[in-house]
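Chemist: Sequence:
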Amino acid sequence: MTKEDLVCEEHFIKTHYREKSGRYVVRLPFKEPPPAVNDTYQVAVSRFKRVERALKGQPTLWTMYKDFMYGYEYSNHMKLVQPGEQQPLIYLPHNHVCRLDSSSTKLRVVFDGSSKMNDGCSLNDRLYRGHKLQKNIVDVITHFRFPALVFTANIRQMFRQIQVHGEDQQFQGIVWRDDSSKPIQSYRLSTVTYGLITSPYHALRVLKQLALDEQNNYPIGSKILLNDFYVDEVMTGGDNLSEVLHKIQELTALLNQGGFELRKWASNHREALQHIPSEHQIKEISFKEDIDFTIKILGINWNTTNNTFTFKAEPMKVISHLTKRELLSKIARNFDPCGWLAPLVVVAKLIMQQLWQERLEWDDTIPQHLFNAWKIHRTSFKFLNTFKVPRHIMNSSAHSTFLLHGFGDSSEKAYAAVVYLVSTQKHSASMLLTAKTRVAPIKKMTIPRLELCGALLLAELTNALLKSTNINIQSVNLWLDSIVTLHWIGSDPARWLTFVSNRVGQIQTLTPSAVWRYVPSADNPADVASRGSNGQELTANQLWWNGPRWLTTPAEWPVADNYENSTFNIEERTVQCSMAITTTSGTSSSLLLLNRHSNLERLLRIVSYIIQFCRNCRPKANPTAGSCAVSERRQAMEYWIRAVQGAEFIMELTSLSRQQNIRTNCQLAGLNPFIDEKGILRIGGRLKHSELGYNMKHPIIIPKNHSFATMIINQVLLHNLHSSLSVTMTLLRQRY
Numbered sequence: 001m002t003k004e005d006l007v008c009e010e011h012f013i014k015t016h017y018r019e020k021s022g023r024y025v026v027r028l029p030f031k032e033p034p035p036a037v038n039d040t041y042q043v044a045v046s047r048f049k050r051v052e053r054a055l056k057g058q059p060t061l062w063t064m065y066k067d068f069m070y071g072y073e074y075s076n077h078m079k080l081v082q083p084g085e086q087q088p089l090i091y092l093p094h095n096h097v098c099r100l101d102s103s104s105t106k107l108r109v110v111f112d113g114s115s116k117m118n119d120g121c122s123l124n125d126r127l128y129r130g131h132k133l134q135k136n137i138v139d140v141i142t143h144f145r146f147p148a149l150v151f152t153a154n155i156r157q158m159f160r161q162i163q164v165h166g167e168d169q170q171f172q173g174i175v176w177r178d179d180s181s182k183p184i185q186s187y188r189l190s191t192v193t194y195g196l197i198t199s200p201y202h203a204l205r206v207l208k209q210l211a212l213d214e215q216n217n218y219p220i221g222s223k224i225l226l227n228d229f230y231v232d233e234v235m236t237g238g239d240n241l242s243e244v245l246h247k248i249q250e251l252t253a254l255l256n257q258g259g260f261e262l263r264k265w266a267s268n269h270r271e272a273l274q275h276i277p278s279e280h281q282i283k284e285i286s287f288k289e290d291i292d293f294t295i296k297i298l299g300i301n302w303n304t305t306n307n308t309f310t311f312k313a314e315p316m317k318v319i320s321h322l323t324k325r326e327l328l329s330k331i332a333r334n335f336d337p338c339g340w341l342a343p344l345v346v347v348a349k350l351i352m353q354q355l356w357q358e359r360l361e362w363d364d365t366i367p368q369h370l371f372n373a374w375k376i377h378r379t380s381f382k383f384l385n386t387f388k389v390p391r392h393i394m395n396s397s398a399h400s401t402f403l404l405h406g407f408g409d410s411s412e413k414a415y416a417a418v419v420y421l422v423s424t425q426k427h428s429a430s431m432l433l434t435a436k437t438r439v440a441p442i443k444k445m446t447i448p449r450l451e452l453c454g455a456l457l458l459a460e461l462t463n464a465l466l467k468s469t470n471i472n473i474q475s476v477n478l479w480l481d482s483i484v485t486l487h488w489i490g491s492d493p494a495r496w497l498t499f500v501s502n503r504v505g506q507i508q509t510l511t512p513s514a515v516w517r518y519v520p521s522a523d524n525p526a527d528v529a530s531r532g533s534n535g536q537e538l539t540a541n542q543l544w545w546n547g548p549r550w551l552t553t554p555a556e557w558p559v560a561d562n563y564e565n566s567t568f569n570i571e572e573r574t575v576q577c578s579m580a581i582t583t584t585s586g587t588s589s590s591l592l593l594l595n596r597h598s599n600l601e602r603l604l605r606i607v608s609y610i611i612q613f614c615r616n617c618r619p620k621a622n623p624t625a626g627s628c629a630v631s632e633r634r635q636a637m638e639y640w641i642r643a644v645q646g647a648e649f650i651m652e653l654t655s656l657s658r659q660q661n662i663r664t665n666c667q668l669a670g671l672n673p674f675i676d677e678k679g680i681l682r683i684g685g686r687l688k689h690s691e692l693g694y695n696m697k698h699p700i701i702i703p704k705n706h707s708f709a710t711m712i713i714n715q716v717l718l719h720n721l722h723s724s725l726s727v728t729m730t731l732l733r734q735r736y
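Using full-length UniProt numbering, you'd call the opening residue of the sequence shown number 1 and step up by one each time.
One or more of the hints may lead you astray.
To be verified - Computed cross-link-like contacts, DSSO-like style, restricted to lysine-lysine with a CA-CA straight-line distance of at most 30 Å:
(1) LYS349 <-> LYS20
(2) LYS135 <-> LYS223
(3) LYS208 <-> LYS132
(4) LYS324 <-> LYS444
(5) LYS382 <-> LYS413
(6) LYS375 <-> LYS444
(7) LYS443 <-> LYS349
(8) LYS31 <-> LYS14
(9) LYS208 <-> LYS467
(10) LYS106 <-> LYS283
(11) LYS443 <-> LYS467
(12) LYS697 <-> LYS678
(13) LYS20 <-> LYS106
Unchecked claim - Simulated DEER-style distance windows between Cβ atoms:
(14) TYR694 <-> ARG615: 20 to 30 Å
(15) THR365 <-> LEU212: 35 to 45 Å
(16) ASN303 <-> ILE447: 32 to 42 Å
(17) VAL51 <-> THR365: 28 to 38 Å
Source of the hints: derived by calculation from the structure; they are not laboratory data.
All values derive from a computational prediction rather than experimental measurement.
Quick reminder that beta carbons are idealized off the backbone N, C-alpha and C, glycines included.
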């Protein structure tokens, strides 16, 4: 979490509470208070009249808009400002978004928290965003593939079940009328509002708080609420009907305690929904075996009849040209969060990369060669209807064990990683879990370096899966067809040049227990994704969907001959240097002096006089006396910084002095540190290309819990009359 996220979290903990009904009340987390006077009313009126005029010619949409607002008012989620009442301090303009494919709310009114006030700032500018709390969508979908019987549901109007404190409702004013012949009236929104930057955090944080508050009464429901929700949608299940029914009962009761209701229920088993009112189920749901029933969950299609994830091909219209905006819109429709269609999607990514190099404006027509490439690629999508990914992978009881197999590869154009799960049971099988691709950088790289990037992508993907799954993984095997890359990974990172060293260090940190193995290119499924494929080929490509045929038979796994003992000197460091280090036993005299004093001014004065004395002792020096010069104080400060850094970061300083990389598990690993010309340890990074001053681009590293750091802070506070926390931090960050 960032510092702002921590402030927002602390604000929530201190200010939220529950009403007698069990509903939660939250307060808006302001960074700074809004101005007492602003012009948001006139802006809101002007914007509303514009919407009113635009929808006048679209009676269907206008009716849906009015129905939405009627529902808001009927539910007491917006309250009319009565004559004589204080008017809201801030008014939010509103508009609508349409999702005609939605099974419930096809039109939703959203409120513009980013509308600027007369000082150039919006309400959203003044609010903390809060920590990102939603789960990774790939993790949620992967969890959903393990239980035999599953169910899904959505929390009805999740945001609007959470009250905003009465004092903060004055910042959520709106204007509304349902007929242009009527006067415009003012309302206050009384619940968490669509369009405010902090609303997603509030909604998910309240769900988390509900799970924590009620975990003793509803342990299973709380676990589901914490682990199996993606925003407002639950996707979970069990291995038998009684387990599923118990989960549904407990989850429903838990959410009712907080004033939430689950709707749009669906399942792959009729009996799972036996206690759910039919009006709360998805309207079209059918359990007839001769009817293919498909619903959308998290943007992907789930056929509950045959229990598979499916894909839908859009009708192919005849087009003669495309603009940059239109092409990117079409590419973005290929929603494939788990990477099952990675060999198809990577081709679209490569077209997008080429398009970006053309430096076109958004509405410029794309060049003919890219248009032709897109036409060829889109023919692959007519095969989407034939792709079926099993929803249920395999049973994951407490006694089941699995092997995780990952493959990485790279071509000149892209690199890829793909992961499979293999059961260790008698009738073992392998199933595609997830995959990811990235296009190669525009700046040309060697194939070994690209292969290493593919290995790092595989390490990241594997690490994320291991963190998110709670199944019993017996072993992790990661396969590459590059012996050079395998040799790098099996060596000390410090042996290699910076590019290789950094990535090898990350790989070793991410996959400490994994075994890296060699696979022939012909048996590497990641090769399919790194080179791209068309739809017809991918449909029948068993290497992609299930991995190599030998994956379930360890005795047949390929073995490379002695690659560990190969002497590849590519990317090896050739820099040689010598260095002498003198150490003394016990605590140095400098640090003893530091420990005796708590005043930085006194320490600087002592060393400044020593520097002055040493200079006066030199031949041909012009002796000085009295107060120390500014240069002497600066040298004194540099002396103390070097002394403290030398005591706290001796290993890092030694490595950097030898032009070696520091250890990946040390506290400075993420700071890209370097030693400047004065022997002081500073932060590196991309800011070196900015126009900031040298100290702000490369702050001096001070150990945070050291007494020297406390002295620096006290000095800044003293010199600035004990300024506020934010001012103090700004002053400190100008140098440290």
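Chemist: Evaluate each hint against the coordinates.
Modeler: Status of the hints after comparison with the structure:
For the hint linking LYS349 to LYS20, the alpha-carbon distance of about 53 Å lies beyond 30 Å, and the restraint is violated. Among the hinted pairs, LYS135 with LYS223 is consistent with the structure: their alpha-carbon atoms are about 14 Å apart, no more than 30 Å. Restraint check for LYS208 and LYS132: satisfied, since their Cα atoms lie roughly 12 Å apart, inside the 30 Å limit. Restraint check: the Cα-Cα separation between LYS324 and LYS444 comes to about 25 Å, which is no more than 30 Å; the hinted pair holds.
As the CA atoms of LYS382 and LYS413 are separated by approximately 25 Å, the hinted pair is consistent with the 30 Å bound. Proposed proximity of LYS375 and LYS444 is supported: the alpha carbons are some 27 Å apart, at most 30 Å. The hinted pair formed by LYS443 and LYS349 meets the criterion: a straight-line CA distance of about 16 Å does not exceed 30 Å. A hinted pair counts as satisfied when its Cα atoms are at most 30 Å apart, and LYS31 with LYS14 qualifies at roughly 15 Å.
Note on LYS208 and LYS467: the hinted pairing holds, with a Cα-Cα distance of about 20 Å set against a maximum of 30 Å. For the proposed pair LYS106 and LYS283, the alpha carbon gap of about 14 Å is at most 30 Å, so the pair holds. Taking the CA atoms of LYS443 and LYS467, the gap is near 33 Å; set against the 30 Å cutoff, the hint is violated. For the hint pairing LYS697 with LYS678, the CA-to-CA distance comes to about 16 Å; that is within 30 Å, so the pair holds.
Simply put, LYS20 and LYS106 have alpha-carbon atoms about 33 Å apart, too far for the 30 Å limit, and the pair is violated. Checking the proposed 20 to 30 Å range against TYR694 and ARG615 shows it holds: the Cβ atoms sit about 26 Å from each other. THR365 and LEU212 have their C-beta atoms about 55 Å apart, which leaves the hinted 35 to 45 Å range violated. Taking 32 to 42 Å as the suggested C-beta distance range, the pair ASN303 and ILE447 conforms, at roughly 41 Å.
Judged by the Cβ atoms, the range 28 to 38 Å given for VAL51 and THR365 holds: they are separated by roughly 32 Å.
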